[in-house]
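Asker: If you want the building blocks of each chain, they are given just below.
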Amino acid sequence: MTSLDLLFLVSGLTLGAALVFGRLRLTAPLLVVLYGLQFAALIETGTLFGEPVAISFGITVLDQPMHWRYDALSWFFAMITIGAGFFSAWYAAGVWKDAYAKGGQSPWLFHVALAANVFAMVVLLGSGDFLSLFLGWELVSWASFLLMALGGAASGRAALRYLTYAFSGAMAILGAMALLYTQAGSLEYTQVLAAVPKLSTAQISVLIALFGSGFAVKMGLLPFHLWQAAAYAETPGPGSAFLGAISARMGLYGIIVVIVGMVGVARLIDMAIPFTFMSARDLIAWIAALTVILPTYTALQQHDARYLLAWHGIGQGGYMLLGLVVGNAIGSAGGLLHVFNYAITQAALLMAVFAVMHRTGTTDLNKLGGLVTRMPLTFLVLLFGIISLAGLPPMAGFVSKWMVYRSLITEGMPLLFVAAIVGTLGTILSVYKLIHNIFLGQLRLEHVEVREAPLSMLIPMLGLSTLIFLAGFMPGPALSWVAEVQRLVGLPVVQYSLGGVVDARGGLDMILLVSVLMAGFGVGAVVFYGFGGKSRQVHQLDNYAGGHFLTADVRYQYSDNFYAGLMHLIGPWYRGAFLWLEGSVGAVVDLLSYAMHWVYRSIQPLLFLLATTVAMLVWAAV
Amino acid sequence: MEWTELALELALMPLVAFVVGMAMVLMMRKIAAKLQRRIGPPLLQPLYDIVKLHSKETQVSHGLIHEIGIVMAIGGYVAAETLLPVPGMNGIAAQGGLIALLYMTMIPSLGLALGVGQCANPNGSIGISRALTAMLAYDVPLVIVIFGVAYHYGTINLVDMIATQQAGGPATWGAAQMPLLAIAGLFAMQGMLGKHPFEIYVAPAEIATGPMVEMGGKFLGGLFVMQCFQLYTAAVLYVTLFLGGGENWATFLVKSFAVLAIPVTLAMLFPRYRTEDVVRLMWKWPVMVGLLGLAFIVR
Amino acid sequence: MTAIMKPPLLGKTLPVVEGTKRTNPLANVFDELINFARSRSLFMLHYCTGCGAVELPPAMTSRFDMERLGIQPMVSPRQADILLVTGYVSVKTLKRVILTYEQMGSPKYVVGICSCTVNGGMYWQSYATAKKLNDYMPVDIYIAGCMPRPEAVIAGLRDMIANIKDGKGTVWKDYYRRYDHYLGNQQRLFGEDWQTPTDVIGEARHYDLFGPDTLGAHTALLEQHRRPLEALEMKIEIPELERPHRS
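Residue numbers (the numbering used here), protein chains in the order written: chain A, 853 to 1474; chain B, 3 to 301; chain C, 9 to 255.
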């Protein structure tokens, strides 16, 4: 029995435990322990710095062996997956689960869905050939469907939409696999890897287009992003945090395995797209950049905190792909590092938002406000999260985004650089709106009695916040994982130190930077508290309103249409082009299915008759 | 470098920035006064203002975040100054370089935004919404400039940029090599300073100075300190990128004050734009000039 | 009602006793520097209630230039040091003036410009106009005239600057020491249910200016109908970590 067997076993055991004992009260903490064991089993495989480990048994389907093995890439993604599962399960284990049950939902189903997701992803990440990849892919799709569909009507609709997209994506992947099989004669990674350099540019293009769009569906890249926001936002709390943190990154995993690992960035750069100045690499980079910008600015328009974050999730995926296809050491490391940094950030953010929902019953940004005095720790978690999501120092998100920007400067890609920063600026705008409308401003009368989130939800949130800060303060460990992944998939390997990136032409040392920032805050505090008089806190109604007397029944929180001035200008630019595209494709498919229906129901008997007659005549004539 | 030397630099750089920044505030007010044919404030007026505000007996606070916001506003700039090389002192400019500096200067804005939010005053929130929109507007030309400069010098390290320019003399200064980017940069700087015609987010008569509406005493004093740092940072950054930095303190200060005099003078000659017009203007002219400048970058 | 109608101490100024406690610890050491800075940096909130307001622009702009004295206009009461009331104060306006005054940060100075603020001026017979501003809030200086010219305004402000520099600009403390007196006058005008959203009594305690005349019959009346004004304390109440309450 290899160490990988053990990992699969524990993961399967978690699922089994959820299935069998899911209705018992003690199961929830038990599951948290089991996720912890999965994490331990993953560490035990030691595939990050060591040799890849294979599973001890294999299955053969149609003469094609299916096998599973773990290497540094699998380890990296599996670590994030299991970690996200661990924190989400902990979040769900206490008060949240009771409230969920009280709302008429089944915690058992939730536990099963979460465990199934983790298991499916662990299996997918271990795939050693395209057949097992496809199997894992389908498992992941169905598992996420299960989780998404839990929440009721709105979430059911979103899940169905996801399923439609996932099916089309899977078909594309299947097509690409068929193409590969005809060319390489096998679906083994090693044989495909050997066959890829011999493929013609046209074949490679088709391969990239098919695989790319298949994986892009999961990743939510433009133009396949429409399903994601609603599907992730409507999923019940911890499930949403889990899906938001890692689920979409399975698409990125596929892209890394196939497009970066097998085709290679160098080949992409060589592939010029006819009639343009662009190479295939530029095209993908631009898709990534647009994926950063458009969903981010869609997020800016949301007035539901969950949707706002889910839309940002789509946008942040763009940074990962962008860094990756830039392809130099710092850029690809930044893209990969962002997977980790983003996962902890998004999980913390969604957990904080769902904690607010748990206490107040709403995530509508126009119906909240002033909660910082009532839920200060949740505020802190959200604050750390938004600083990281916006990519400001000293949090984790800054490091990975810095690396992406740095690589774009080195490679001389000005427009992509501007696009990346425009995305970041949009993020800053919308996350400020998020924290302002929930936690700052006027506290509503009905929220005066609100209390801090329950401990069982706070601990994972605070744990993630600590991680966010540590990963920003000392990016070294995370960079060491990323460097191993780079070495494995054949990318140039980043030079790192404990504090950040080593580069002769301008590196990054977060330890120094953060220390100086903290010292700066210290100086600020000395100036503020030491030199200034003692402050006296006043009631929120003791406020300047042009001489007007404020009363508690008047709502004066500035929340709706927060960026009115900006929307005056860019508001008309939101035309819903992708919705229109989705609608048109849907209409065409509808039309085709009507046509087929007609063929089968009315024409088919006639055709059969005709064919039979012709065949008999031919037979008679011969 | 010795640790003591580094520590000394880290302590001195913000201090220098503050003192020079106060002189810059004075210059700004003096220029305004001269243009309006007034005498203007006395020499130590910025200092009097800051001392008075910190010594007010009443310090109205709206809560912890209100206070933390001001601490972040000052602290973020104190840290950012150590990333900005001055003659004889480099601080930690080699770590993170231009991009880290750009993002470090966003920390004070974030702190201020949080502090204002806690005040629960809609005027303040409107001001922040406008300020962030303005940031979105002027940062687009700014990042084009930053990209162009970093690409031109082949580094994001400000110390290396200064060294390159000083080795080659004025002909290799950024302004001579990249005149279009220098113009776009000046434009962006005008927006960055938040002076006319881009001061819609302050708008004293309409939204009661926006973010500052609930700030009194040391809260406002903190913002005055922040303004000193802000003027200093903008001027010195521009001098570093385009005017060869400072060979010594004399040329450094002359260049910095001269650069700052341009936007400050322009500010006194204009009324203001509405928010969406700020965005439209910033995304049109400086961006076009900047992109044109990028096309002529020689490496 | 008789309790409220107790005649306030009209025209009689009480001796102002120095408060010993300062909210800024450094103020005890650098008292003179602070007084000097205060005198040279005055942010002014002009409450333009009447015709006197037209005399302020010339005082501020190129002709007379207040900025050379360190005086500059500000917008919200939080930022301001001087409250300029520039003309007649109708009863309705007075409510806003009082709210504005209470929201300003101490030390704060009130300047009444024009005869109307001194004694009602030409509105003496009006039923809707407050006659004497210092019945409702302590006034540092009056600048009489109908209207006073900018020279007079600046001369008045210079007197005030001299007062502040000498440490005599402490009239604002009177509002906290004798809050009951001022509140009584306000209640007489606005009715019993008069209340501003500011907590003056709490502030008096904060400044150590809580005197025997801070509370009285009028504040007792205020307490009866006052809506709560406690600041929203930031509280971390994790339900699990609290001790179970047993009753």
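There could be a bad hint or two in this list.
What the hints assert, rightly or not - Taking lysine-lysine pairs in the BS3-like style, the calculated list, with each CA pair at most 25 Å apart, reads:
| id | chain 1 | residue 1 | chain 2 | residue 2 |
| --- | --- | --- | --- | --- |
| 1 | C | 140 | A | 1386 |
| 2 | C | 100 | C | 140 |
| 3 | A | 1386 | C | 243 |
| 4 | A | 1386 | C | 173 |
| 5 | C | 243 | A | 1219 |
| 6 | A | 1219 | A | 954 |
| 7 | C | 140 | C | 176 |
| 8 | C | 140 | C | 103 |
| 9 | C | 100 | C | 139 |
Everything labelled a hint here was simulated from the structure, so no lab data went into it.
Asker: For a quick check of understanding: which of the numbered hints are violated here, in increasing order?
Answerer: The structure conflicts with hint 1 only, although it agrees with all the remaining ones.
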